[in-house]
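Assemble chain B onto chain A, guided by the hints.
Residue-level listing of the chains:
Number of protein chains: 2
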Amino acid sequence: MYQINENYQKLPGSYLFSTIAKKVKAFSEKNPDANIISLGIGDVTQPLAPAIIEAMHKAVDEMANAETFRGYAPDLGYDFLRNAIVKNDYEARGCDIAADEIFVSDGAKSDSGNIQEIFSLENRIAVCDPVYPVYVDSNVMAGRCGDYNLDTQTWSNVIYMPCVKENDFVPEFPKEAPDMIYLCLPNNPTGTTIKKSQLQEWVNYANKVGAVIIYDAAYEAYISESDVAHSIYECEGAKTCAIELKSFSKNAGFTGVRLGYTVVPKELKCGDVSLHDMWARRHGTKFNGAPYIIQRAGEAVYSDAGKAQVKEQVGNYMKNAALIKEGLKDAGYEVFGGVNSPYIWLKTPQNMKSWDFFDYLLENANVVGTPGSGFGPSGEGYFRLTAFGSYENSVAAIERIKKL
Amino acid sequence: MYQINENYQKLPGSYLFSTIAKKVKAFSEKNPDANIISLGIGDVTQPLAPAIIEAMHKAVDEMANAETFRGYAPDLGYDFLRNAIVKNDYEARGCDIAADEIFVSDGAKSDSGNIQEIFSLENRIAVCDPVYPVYVDSNVMAGRCGDYNLDTQTWSNVIYMPCVKENDFVPEFPKEAPDMIYLCLPNNPTGTTIKKSQLQEWVNYANKVGAVIIYDAAYEAYISESDVAHSIYECEGAKTCAIELKSFSKNAGFTGVRLGYTVVPKELKCGDVSLHDMWARRHGTKFNGAPYIIQRAGEAVYSDAGKAQVKEQVGNYMKNAALIKEGLKDAGYEVFGGVNSPYIWLKTPQNMKSWDFFDYLLENANVVGTPGSGFGPSGEGYFRLTAFGSYENSVAAIERIKKL
Numbered sequence: 370m371y372q373i374n375e376n377y378q379k380l381p382g383s384y385l386f387s388t389i390a391k392k393v394k395a396f397s398e399k400n401p402d403a404n405i406i407s408l409g410i411g412d413v414t415q416p417l418a419p420a421i422i423e424a425m426h427k428a429v430d431e432m433a434n435a436e437t438f439r440g441y442a443p444d445l446g447y448d449f450l451r452n453a454i455v456k457n458d459y460e461a462r463g464c465d466i467a468a469d470e471i472f473v474s475d476g477a478k479s480d481s482g483n484i485q486e487i488f489s490l491e492n493r494i495a496v497c498d499p500v501y502p503v504y505v506d507s508n509v510m511a512g513r514c515g516d517y518n519l520d521t522q523t524w525s526n527v528i529y530m531p532c533v534k535e536n537d538f539v540p541e542f543p544k545e546a547p548d549m550i551y552l553c554l555p556n557n558p559t560g561t562t563i564k565k566s567q568l569q570e571w572v573n574y575a576n577k578v579g580a581v582i583i584y585d586a587a588y589e590a591y592i593s594e595s596d597v598a599h600s601i602y603e604c605e606g607a608k609t610c611a612i613e614l615k616s617f618s619k620n621a622g623f624t625g626v627r628l629g630y631t632v633v634p635k636e637l638k639c640g641d642v643s644l645h646d647m648w649a650r651r652h653g654t655k656f657n658g659a660p661y662i663i664q665r666a667g668e669a670v671y672s673d674a675g676k677a678q679v680k681e682q683v684g685n686y687m688k689n690a691a692l693i694k695e696g697l698k699d700a701g702y703e704v705f706g707g708v709n710s711p712y713i714w715l716k717t718p719q720n721m722k723s724w725d726f727f728d729y730l731l732e733n734a735n736v737v738g739t740p741g742s743g744f745g746p747s748g749e750g751y752f753r754l755t756a757f758g759s760y761e762n763s764v765a766a767i768e769r770i771k772k773l
Numbered sequence: 370m371y372q373i374n375e376n377y378q379k380l381p382g383s384y385l386f387s388t389i390a391k392k393v394k395a396f397s398e399k400n401p402d403a404n405i406i407s408l409g410i411g412d413v414t415q416p417l418a419p420a421i422i423e424a425m426h427k428a429v430d431e432m433a434n435a436e437t438f439r440g441y442a443p444d445l446g447y448d449f450l451r452n453a454i455v456k457n458d459y460e461a462r463g464c465d466i467a468a469d470e471i472f473v474s475d476g477a478k479s480d481s482g483n484i485q486e487i488f489s490l491e492n493r494i495a496v497c498d499p500v501y502p503v504y505v506d507s508n509v510m511a512g513r514c515g516d517y518n519l520d521t522q523t524w525s526n527v528i529y530m531p532c533v534k535e536n537d538f539v540p541e542f543p544k545e546a547p548d549m550i551y552l553c554l555p556n557n558p559t560g561t562t563i564k565k566s567q568l569q570e571w572v573n574y575a576n577k578v579g580a581v582i583i584y585d586a587a588y589e590a591y592i593s594e595s596d597v598a599h600s601i602y603e604c605e606g607a608k609t610c611a612i613e614l615k616s617f618s619k620n621a622g623f624t625g626v627r628l629g630y631t632v633v634p635k636e637l638k639c640g641d642v643s644l645h646d647m648w649a650r651r652h653g654t655k656f657n658g659a660p661y662i663i664q665r666a667g668e669a670v671y672s673d674a675g676k677a678q679v680k681e682q683v684g685n686y687m688k689n690a691a692l693i694k695e696g697l698k699d700a701g702y703e704v705f706g707g708v709n710s711p712y713i714w715l716k717t718p719q720n721m722k723s724w725d726f727f728d729y730l731l732e733n734a735n736v737v738g739t740p741g742s743g744f745g746p747s748g749e750g751y752f753r754l755t756a757f758g759s760y761e762n763s764v765a766a767i768e769r770i771k772k773l
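Chains as they are written, first to last, in the working numbering: chain A, 370 to 773; chain B, 370 to 773.
One or more hints might be untrue.
Identical copies carry no separate label here, and so any pair may be met within one copy or between two of them.
Said to hold, decoys possible - Derived pair list, reagent style SDA-like, types lysine to any residue, alpha-carbon separation capped at 25 Å:
| # | residue 1 | residue 2 |
| --- | --- | --- |
| 1 | K676 | D430 |
| 2 | K379 | N518 |
| 3 | K680 | D402 |
| 4 | K392 | D646 |
Hints in this document: simulated from the structure, not taken from any laboratory.
For reference, chain A alone in the conformation it holds in the complex (with noise of 0.2 Å):
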């Protein structure tokens, strides 16, 4: 008789935002008439920018002529698109990163959650608290994680580095050593992020205790302030401790497009096994490339049209980022992020449970946000606003917020 992965009964409650999908539905069905403004999951709002719409509609029509369709891609990803990721996000930066240490994927998500497979399950991982829950979840699911104390909320085998506002938000040395550090930077939820010569430190850590850093650089576009690194390995020494995880979805707008990268550099090695190696197997047995017209599509968002075209829609959102961050201000509010990254991270008010201030938020205010609860004990007491709003909707919003 078989049995099941037991690790998965382990798991509390369901995914966050299929858990505030369900409540937002529930409360619309309830009042059919509410205007429900969602500043809640991190999903773009700006429709694709015309220099990748032209590149989508030519690859769609060479895949309707037999002289210019394209079957199966090559596993890792197309070298147009590898090519173009190496000039713009690593030469440019003076990164030293070459074209097949990229490896192209459907998205950070997946990446983000198939990463851990090529470890053993005997590590230990270390996240930021709060975090984004997959770094956690995935790794429940292989059984890394230990057993789930419903009171802490907390997993008995995971090293939590709180991010709080009495730390600055910068997560501190554990003082036990880890085998896996997650570093989310800019980070999600909190908006926040550290500097340059912080990360720097970072690395050093992980060359130094021997832990692999798995980097996740999804908001790395929102960057406004010149001491912070674009990408892990503008640090010395990182490409022997760390993979760098990319997505398209913050930056280009891909959140239902789906294209994302992972770069596992060659010096990244575990005593004589090439962790490149490794997950060139895992890609090239489990999964089959990206599609090409998303490839085609990922390569526009580096054409020159490309670039400045994103650029103006990322200045828009941290237009909607200034404006909450400084309604939630005027308001009141005691508020964080939105400088670096599109997140405004708030403290509740009176301390209220982040879930009560969910409920109070759509209830008073058909505003819909994320419960910092809902990423690690150390998002209780805080909640998350994103600006990839429409201008008019996060205007909306925090009127109706101040209001309150």
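Relative to chain A, chain B alone:
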């Protein structure tokens, strides 16, 4: 100090089709004038059907406007696609499958590699031999297969069900009861299949011994005989023991488009635990939906025009299959498959080793096929040719083989 997943170290050599690609590349560099015809990897060559192209252009245009732009897709697939699948692939065949039992994905390769995640590492798998390499390799990576024996080319903890000409390529119930049974029918690589009455016996067997069947129906569109099931859910009792995987790659030419789906019936339970809920959780945590544009392409496969167009394409490939099969017979080969599938499976002449025959064919006819032993030990002495080339190339390849 972090450690790697040691199971990867157990995997011998590289993924079959990567090895072939490297061999062909090396030959091609040595013989730049050779006009190589590939009937090797099962990649399609006909361009996408007009109805699909039209749907994709329309979807691309929707992504260009804020009013019609789509961000994150529903985790498990858009309703328009899930409903079209249910209506055409299940209702039309008298199978009672609900839309929310359909999980849309980026392809059957990903699903067939990922599905094992929701099962216990203690489960023992059974596979047909020869078999699509992903089933075994993904279980090796997870640690379910024991150790590899280089001499026998088998894994110590895998139950092999030989499918050879002596048993008409019909797998027999294994002596020891397996927990998870992988069945691909019509079969890749042998191109053969079993009757619906025989499949019913497998469903009965699985329900009796408490095994789950992972049923890969990727080649269903090529079935030409009426007593062969298109879906395992045509068999009574399948909903309590079977998961079905389905690809758009072969019926609609989506190898470079990437779309598939998995059916996990709600009745499929291990004790009290719903496998449907587990797969939903896995999908929701580690996957973010197939691209909107690609899901619209999938929907178009089920439009009236789309259905007629892809049927014609399948018909073209089956003409190639008949041509290759007859041609090989004329040339004195013993051949199988090609009636309900686009694969022709041949006995190598004089019991030549599969890889020797690969080299022989590449060097002397400049034709690329796939060595049977690459699919498992019982594939030794066999060789696979696909009907997915163009008609001209299929004719030319057979002419060359006849002249050997």
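To see whether the hints hold, each was checked on the structure:
For the homomeric pair K676 and D430, the shortest alpha-carbon distances inside one copy (23 Å) and between copies (20 Å) are both at most 25 Å. For the homomeric pair K379 and N518, the shortest alpha-carbon distance inside one copy (10 Å) is at most 25 Å, but the shortest distance between copies (36 Å) is not. In this assembly of identical chains, K680 and D402 lie within 25 Å of each other by CA distance neither inside one copy nor across copies; the values are 36 Å within and 47 Å between. For the homomeric pair K392 and D646, the shortest alpha-carbon distance between copies (19 Å) is at most 25 Å, but the shortest distance inside one copy (43 Å) is not.
The earlier numbered hint that this structure contradicts is number 3, and it is the only one.
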